[in-house]
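All chains should be modelled from the sequences, with the hints used to inform the complete structure.
Going line by line, the protein sequences match chains A and B. 1 is the number of the first residue of the first sequence in the numbering used here; add one for each residue after it. 1 is the number of the first residue of the second sequence in the numbering used here; add one for each residue after it.
Hints may be right or wrong, so weigh each one.
To be verified - Derived lysine to aspartate or glutamate pairs resembling DMTMM-like cross-links, with alpha carbons at most 20 Å apart: (1) A:K75 to B:D188; (2) A:K75 to B:E190; (3) A:K237 to A:E251; (4) B:K197 to A:D103.
Honestly, the hints are just simulated from the structure, not real lab data. These figures come from a predicted structure and were not determined experimentally.
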Amino acid sequence: MFIGTEKLTHTYMPGTPFATEALQDVSFNLQQGEFALIIGPSGSGKSTLIQHLNGLLRPTSGRVLFEGIAVGSNKHELLRLRRRIGLVFQIPEEQFFSESVFDEIAFAPRNLGLDESEVEKRVNESLEKVGMQAEKFRNRHPFRLSAGQKRLVAIAAVLSLQPEVLIFDEPTVGLDAISRKNLYNLLTALNQKDGLTVIISTHHLDQAAALADSVLVLNQGRLVMAGPAENIFNKRKQLYELGLTLPPVTEIMHELAEKGLPVKTAVYTLQEARGEIKNMKRRYKP
Amino acid sequence: MSRSIILGQYLPGESLIHRLNPRLKILTLVLILILLFTLETYSALAAFLAFALLLFALAKVPFRYLLRGLRPVLFIALFALVIYFFFTSGGIVLVRIGFITVESEGVIEGLFIVTRLAALVLFSLLVTLTTTPLSLTHGMGYFLKPLRYVGLPAEEVAMIMSVSLRFIPTLMEESQRLMRAQLARGADFETGSIFRKARSLVPLIVPLFVSAFRRADELALAMEARCYRIGAKRTRMHEDVILPRDWAVLAFVIMLLFVTYTFGF
Numbered sequence: 001m002f003i004g005t006e007k008l009t010h011t012y013m014p015g016t017p018f019a020t021e022a023l024q025d026v027s028f029n030l031q032q033g034e035f036a037l038i039i040g041p042s043g044s045g046k047s048t049l050i051q052h053l054n055g056l057l058r059p060t061s062g063r064v065l066f067e068g069i070a071v072g073s074n075k076h077e078l079l080r081l082r083r084r085i086g087l088v089f090q091i092p093e094e095q096f097f098s099e100s101v102f103d104e105i106a107f108a109p110r111n112l113g114l115d116e117s118e119v120e121k122r123v124n125e126s127l128e129k130v131g132m133q134a135e136k137f138r139n140r141h142p143f144r145l146s147a148g149q150k151r152l153v154a155i156a157a158v159l160s161l162q163p164e165v166l167i168f169d170e171p172t173v174g175l176d177a178i179s180r181k182n183l184y185n186l187l188t189a190l191n192q193k194d195g196l197t198v199i200i201s202t203h204h205l206d207q208a209a210a211l212a213d214s215v216l217v218l219n220q221g222r223l224v225m226a227g228p229a230e231n232i233f234n235k236r237k238q239l240y241e242l243g244l245t246l247p248p249v250t251e252i253m254h255e256l257a258e259k260g261l262p263v264k265t266a267v268y269t270l271q272e273a274r275g276e277i278k279n280m281k282r283r284y285k286p
Numbered sequence: 001m002s003r004s005i006i007l008g009q010y011l012p013g014e015s016l017i018h019r020l021n022p023r024l025k026i027l028t029l030v031l032i033l034i035l036l037f038t039l040e041t042y043s044a045l046a047a048f049l050a051f052a053l054l055l056f057a058l059a060k061v062p063f064r065y066l067l068r069g070l071r072p073v074l075f076i077a078l079f080a081l082v083i084y085f086f087f088t089s090g091g092i093v094l095v096r097i098g099f100i101t102v103e104s105e106g107v108i109e110g111l112f113i114v115t116r117l118a119a120l121v122l123f124s125l126l127v128t129l130t131t132t133p134l135s136l137t138h139g140m141g142y143f144l145k146p147l148r149y150v151g152l153p154a155e156e157v158a159m160i161m162s163v164s165l166r167f168i169p170t171l172m173e174e175s176q177r178l179m180r181a182q183l184a185r186g187a188d189f190e191t192g193s194i195f196r197k198a199r200s201l202v203p204l205i206v207p208l209f210v211s212a213f214r215r216a217d218e219l220a221l222a223m224e225a226r227c228y229r230i231g232a233k234r235t236r237m238h239e240d241v242i243l244p245r246d247w248a249v250l251a252f253v254i255m256l257l258f259v260t261y262t263f264g265f
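What follows is the structure, encoded as structure tokens:
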């Protein structure tokens with residue numbers, strides 16, 4: 001087990017009339033290097049779960065485990081943990097406070113107490129990693145970038161911690177189609193090229209489905225399904241009942257299969273679908 | 001750090017006290033507060049304290065909320081006690097430490113003042129615990145209305161108050177979210193000198209201001225889109241009607257006032 005939870009329960013404002021159970025008895029574990037999705041309708045506890053993974057929220061009961069050790073056993077440990085597990089919040093560009101892209105990204109490494117030359121190196125690396133030229137952007141004002149660029153800078157601001165696990169809360173909210181696509185390319189590269197464990201919460205499966213190794217499905221604070229992506233995405237009806245729809249391409253493949261055509265349904269991109277339908281046409285003699 | 005977001009002090013409930021008209025609630029509170037200030041005997045004060053506790057029971061407010069509400073005045077109460085104990089003379093000497101004496105008059109008066117303070121706080125607490133902040137401001141706005149004739153824009157003041165109240169929980173939630181977001185980026189809000197701590201708040205305050213201004217802008221636009229104009233006469237979606245039971249409560253309190261004055265206990 002690399003990262004996971006054991007019977008994690010979280011109650012907001014316990015002991016008041018406003019108490020709400022955000023998570024109940026959630027247990028799962030993920031392997032190093034995995035690309036995991038946390039899906040579920042809004043209000044299902046995705047954000048709450050995510051914020052437990054690097055100790056920003058503390059369990060009301062149960063445990064969060066990282067490399068077999070309970071998260072938050074002591075304060076010093078928490079700081080080290082937050083360095084290793086990066087968390088990109090929803091609409092992360094709302095956290096901007098600096099007057100240059102450089103300072104914004106340098107915030108995290110400076111907090112780590114690194115010297116300026118190392119900080120500079122990390123800022124440049126992080127910018128390049130998200131596909132922005134350091135020379136061109138480092139002195140720009142972060143508030144005056146486009147929405148897509150802001151999101152990338154916000155991600156670079158977390159990458160500069162050089163984490164091993166990267167967690168995103170709804171990474172594509174408010175982005176246009178092109179920026180969304182770029183973002184998913186970036187996430188793929190971080191996972192496959194740099195070997196980061198990537199965990200994403202979303203309720204839009206469109207682009208995320210193709211990337212996922214494993215999937216956790218939350219509903220009303222409970223973990224209702226968990227397992228390898230194919231197994232989960234096969235349960236189309238159950239997902240539908242939770243208000244979750246598969247990518248349109250996958251829906252079409254399911255419909256074709258229902259009509260009796262011999263196609264596999266675990267297809268999440270247009271490209272795969274094209275190939276699969278071509279194959280089917282070659283094999284299939286009505 | 002991020003204990004809980006307290007939305008005003010309001011505790012939702014269905015009791016008669018919760019459902020009383022907010023305007024009348026404010027009016028009766030003021031009457032009772034005046035009454036408390038004029039009381040001069042322990043027996044009368046005790047009667048009113050018992051009355052307050054009865055109302056708390058009626059509103060089904062848990063006891064610990066009552067204690068929590070009294071906590072902020074604890075310091076003032078202690079301070080008043082000390083002043084009265086040591087600086088009021090008269091009656092018999094109870095304690096003598098060197099040249100400082102505690103005399104019985106001081107004790108009696110000190111305790112009286114503190115009990116009165118507790119009663120004042122309890123009655124006010126009852127109103128804030130059983131009335132939503134929004135209806136409280138609407139209620140207060142009503143009493144501000146006559147001030148329009150001396151140039152105070154009463155409607156607008158009430159609007160400003162309710163808008164600010166509306167945004168307190170939003171901004172608190174936002175600041176907690178921002179705090180966690182910056183913690184995830186390795187920020188440290190707790191250690192270091194005061195100067196360092198103040199500086200560590202910049203990553204919190206700047207984004208908070210940015211979003212507050214953006215929200216204010218959006219809200220202004222939304223209000224204008226719905227034809228909000230300064231100085232226009234506005235009606236309300238939830239008309240605040242005074243029911244017979246509200247009049248009955250007011251009558252009861254006025255009677256109480258009258259009885260207390262005539263018989264004076």
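Here's how the hints hold up against the structure:
Of the pairs offered as hints, the one joining K75 of chain A and D188 of chain B holds, with about 11 Å between alpha carbons and a cut-off of 20 Å not exceeded. The straight-line distance between the Cα atoms of K75 of chain A and E190 of chain B is roughly 11 Å, inside the 20 Å bound, and the hint therefore holds. Taking the CA atoms of K237 of chain A and E251 of chain A, the gap is about 11 Å. The hint holds against a cut of 20 Å. Among the hinted pairs, K197 of chain B with D103 of chain A is consistent with the structure: their alpha-carbon atoms are about 19 Å apart, no more than 20 Å.
Consistency with the previously given hints is maintained throughout, with no hint failing.
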